[in-house]
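**Student:** Residue strings, one per chain:
Number of protein chains: 2
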Amino acid sequence: MRRKEFRDLADPDEAHEAIASLDLRADDETVPLREARGRVLSERIDAALDVPGFDRASVDGYAVKAADTFGADEADPVELELVGEVHAGAEPDLEVGDGECAEISTGAVLPPGADAVVMVERTDTDGETVLVRTSLAPGDRVMFAGADVAAGERALGPGTVLTPREIGLLSALGVDEVPVRGKPTVGIISTGDELVRPGEPLNSDSGEIYDVNSYTTATAIEEAGGEARLYPHAGDDYEAMESVLREAASECDLVLSSGSTSASAVDVIYRVIEETGELLLHGVAVKPGKPMLVGRLDGSAYIGLPGYPVSALTIFRTFVAPAVRRAAGLPEPRTATISGEMAVRERYSEGRLRYMPAGVIEDGDGNTLVYPVDKGSGATTSLVEADGVVAVDPDMEYLDSGEKVEVQLFSADVRPPSLFGAGEDDPALSRLLDRIERPRYLGVGSRQGIRRLRDGVTDVAVVSGDAEPDDATELGGWTREWGLVVPAGNPDDIDGLTDLVDRELWFVNRTTDSGLRSTLGDAIADLADERGVDRHNLVSAIDGFEFSVRAHESPARKVLAGKADVGLGLAATADALGMGFVPCGTETVRVYGSDDRLEKPEVERLAAVIDDGASVIESLSGYDSQ
Amino acid sequence: MRRKEFRDLADPDEAHEAIASLDLRADDETVPLREARGRVLSERIDAALDVPGFDRASVDGYAVKAADTFGADEADPVELELVGEVHAGAEPDLEVGDGECAEISTGAVLPPGADAVVMVERTDTDGETVLVRTSLAPGDRVMFAGADVAAGERALGPGTVLTPREIGLLSALGVDEVPVRGKPTVGIISTGDELVRPGEPLNSDSGEIYDVNSYTTATAIEEAGGEARLYPHAGDDYEAMESVLREAASECDLVLSSGSTSASAVDVIYRVIEETGELLLHGVAVKPGKPMLVGRLDGSAYIGLPGYPVSALTIFRTFVAPAVRRAAGLPEPRTATISGEMAVRERYSEGRLRYMPAGVIEDGDGNTLVYPVDKGSGATTSLVEADGVVAVDPDMEYLDSGEKVEVQLFSADVRPPSLFGAGEDDPALSRLLDRIERPRYLGVGSRQGIRRLRDGVTDVAVVSGDAEPDDATELGGWTREWGLVVPAGNPDDIDGLTDLVDRELWFVNRTTDSGLRSTLGDAIADLADERGVDRHNLVSAIDGFEFSVRAHESPARKVLAGKADVGLGLAATADALGMGFVPCGTETVRVYGSDDRLEKPEVERLAAVIDDGASVIESLSGYDSQ
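Going down the list, the sequences are from chains X and P. Take the first sequence: its letters are residues 4 to 629, numbered as in our numbering. Take the second sequence: its letters are residues 4 to 629, numbered as in our numbering.
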């Protein structure tokens, strides 16, 4: 096995410099004004015409010679002869002489001879003459040509990001095509023979997994103002990789490779760049992200991202996105970071800059709390269980609870959750959460739910059975029927827990944090009491009692896949999957709110949702609202 | 003239309620994952498969039976027989028996018989056997099937906005099409026969102006998550308006009319809605925006925006955008508002809720200052001279200097300027500003520049001639040649200022705030001294001395258009426009930074830009850097 060692890891600043040395800029281009939103002007635009282009009435009324109105007031109006009218969008076909006036609409051209407009509200007319009840100065209620924008004036500078208001100014100037910075084209090459594009069939037995990084990175590139182009995976051998890299290099301003976590696939890319291009940097002293590559190939820029999704997005966000934005002429979004306080103490001492995945939640007083999310770098779920990363300096030994930190969000559009819960995995809860705006819920089991509530991170804990968190208030609950999930028709004719103990059946359990497993344990203890034997005797008689899986449907799905005879589960799960079910009892599921968080709007809302949710809860087989 | 009076103005809250009562939601739709960025899930997505779908090696190394490694350490390794290898993306073709191991890549399927993986770093091999230098527990370095996401788990809830990380999770689940909220389609109908689409020829003599609101509103609709559709202007008469309104109503979830400031065009729309649809509300007690209409037409929703651009965008942003976002399922962007302190006192007492256009700038200490921008509601330039609006309650008599206010930005993408200057309008300055990021500069003349610097709002003042602001430091300057701009070839054979006084020539001057006009005034005073006459005698002998226009090119353009014989201007302007020029002298232009703001980065940068800018400055005819 050929393996690359990263002996001389570059400093993160060197990585930024290496990337800054790459030229990612696309050619400037011209786009229709209608499609220019969010684009960046590449040139200054000076006004080519006056706005308005003529002396314009600002109100509906009468165009007059101001001198004719001298001395007029409510008590002593001046009478003028009405000689015609001027509409907006029409050329005046009359002239206003001494003692004359013309009806005029807002926006119409001031007719020759007139130098002011009187509002209709200050006049009366019989259709032949007009009584003007106020004195006017020349220019009153007239917007002179060029008063808004004068021809030759600087309108917008290069680098201006076009939002609705700039589009408005350009419209006023009659500009319908705008010179803008080109969007850098970024090619994405997926490496790793095991990766399959979403939507295609997956063969798990041969270790295939869906390609997470290609679409994630493409989306992040578009967010940064680039244009993403996905290249089909051609294979991890040298020739295939060289060919697709060169094709991408000839078509793109930057080529990213991303995908594989396998060292051999990464090695191939490394060799292609080293042998046919120019390698600027190989390996950076950051965690995650060590195996980053930076180089050039056939006049294009190249960056190799690490393979794990959270690592790839972290490195993209931290090192690559700023360069893409710079090339696109866009500033960093103001919402790219969030400040908060560490909710817990987090140890660290690896001597490398670390980007710690972190979640964000508001406490009951409106403070922003930040907590580490550590599911291992391979977990895709870290992407949604964390909101971003906190940079932790190499010489930092720990982040203390309460310490101020800055979270670099995975995207400027990421919104931290408005409700954070953890605990029992339950299908009714899953449906009720649909009615909450931006919930985050970790189905880590009742025990972990209680622990996390105690740690002061979560707002709510969801607990099955009799366990109960401290300093928390019940928001509501329901009961669910639990038992043994078996194949449809119950082919083994299983009758209850006694069969598990007394017969040769392969069982699948839930993990120890699961409240459902505790309920099963209690039932087995009761059975042991009944039989007058030790609980452990019964447990050890169950084949697969220690074979535990994580989520509420998982045991049933093992049975469905033919990998076991019977699984611990819910009546609702058996019903949903069309399987057989042997009921063993009912247990309660209760939702508790931390006493410090009871006044958070979404905590109150959750209580209301449970209260109103009887029909949702009872639509599930074996469920009863309380 | 038929005019609508807004006798019973609705309360702004009623307007919000009337709009909330409209149904703007589009049908849900399904989009490819690749195009799902920024879209909003319409349904909960539960995982349909386990991620990973198999027990997966987390490192490169060897798959083993953990029990075989019991007691192994650096000093006392265990020797296992190497029976083959398993690559990522391949189905294992071997089984690991007692005392055996298999080479395995990160991401590969754990072969049957194995229950742990040892990192390659803790082993040695001769190709036939492997020395394992550590003890393993079952499950070490293995990610079990479903450990990341378990089939049946809640993955993402309805209402989730899709950013790169959610796209990543959906990729991992193999989802390539996502159910999302439809974008509400918003039709825009432009009213007002005087309006011309940008890019088309404009006839100013008949009062035509470019249509600002259609593109501005379309862009703002897209920002709010809607899809904008522009309808061609068919004419302001009843039949044409009814026909286009009904066409739009049949194709859109919401129809907006926008454009005309003329009461008669607005009246036609009012009649169409009243007679063929349902009018919910007519006129709202806000400034600007009084003439807002809300109603229904043929099953679609209808809102009439006011005609002036700033009013239209203000009403859209405040009343319509929230409804479009709600229909699209999007939250208000976090950057939609900015807080700051009033830089000056602003009086108000109109008894109506007022949306005051306001600009935002940072002072030298990093505080955000907010200042009113009042150019009259007809001015397009208010769009870019203000950053948004401040809501001022009807019973508020004034906003005090220093008072905390919140600015509702015209767009969440609006970035307040990093440098704010005002003063002399000058083409060299215009070019130098191209090198500053996000400058705002108002060419209001030297006098106004000095006044605004004194008011503590601007960072810099640009002054021509000898005037000088207090408490300010010169950042740099240049000289420019000024004189009389005449038609090419100087057909009237004008020689200098004396011709203006002694001959019958039509002159165009600059406005009184212009430094160039002061310089002209001084030159005329010198001529009066020379002749031993009063300055006023000379001034009154110049036809058009009081006919003043606003910007540095404006007098020249009047001459170019044949509306005058000679204009006050710069050698550079005559050169740029290909006109004749009679030099009268040179004057200095100096850029001053407020002493409180000298350390603002972009103020320092402006000084450097002037210092480095000799080539830019001297590229202009008659300019000299100092």
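Wrong hints could be hidden among the right ones.
Unchecked claim - Computed footprint of chain P on chain X, listed as stretches where at least three residues anywhere in the stretch have a Cβ under 8 angstroms from a Cβ of chain P:
no., segment
1, 72-86
2, 176-185
3, 189-201
4, 204-212
5, 333-341
6, 397-408
7, 472-482
Claimed, not checked - Going by beta-carbon spacing under 8 angstroms, a handful of chain X positions derived as facing chain P:
no., residue
8, G92
9, D96
10, G100
11, A150
12, A154
13, A221
14, L436
Because the hints were derived from the structure by calculation, they are not lab data. Don't be surprised by glycine CBs; every beta carbon is placed ideally from N, CA and C.
**Student:** Take the hints in turn and mark each one as holding or not.
**Tutor:** Tested hints:
{"no.": "1", "hint": "72-86", "result": "violated (count 0)"}
{"no.": "2", "hint": "176-185", "result": "holds (count 5)"}
{"no.": "3", "hint": "189-201", "result": "holds (count 7)"}
{"no.": "4", "hint": "204-212", "result": "holds (count 8)"}
{"no.": "5", "hint": "333-341", "result": "holds (count 4)"}
{"no.": "6", "hint": "397-408", "result": "violated (count 0)"}
{"no.": "7", "hint": "472-482", "result": "violated (count 0)"}
{"no.": "8", "hint": "G92", "result": "holds, 3 angstroms"}
{"no.": "9", "hint": "D96", "result": "violated, 10 angstroms"}
{"no.": "10", "hint": "G100", "result": "violated, 20 angstroms"}
{"no.": "11", "hint": "A150", "result": "holds, 7 angstroms"}
{"no.": "12", "hint": "A154", "result": "holds, 5 angstroms"}
{"no.": "13", "hint": "A221", "result": "holds, 7 angstroms"}
{"no.": "14", "hint": "L436", "result": "holds, 6 angstroms"}
Taken one by one, the earlier hints fail for this structure at numbers 1, 6, 7, 9, 10, listed in ascending order.
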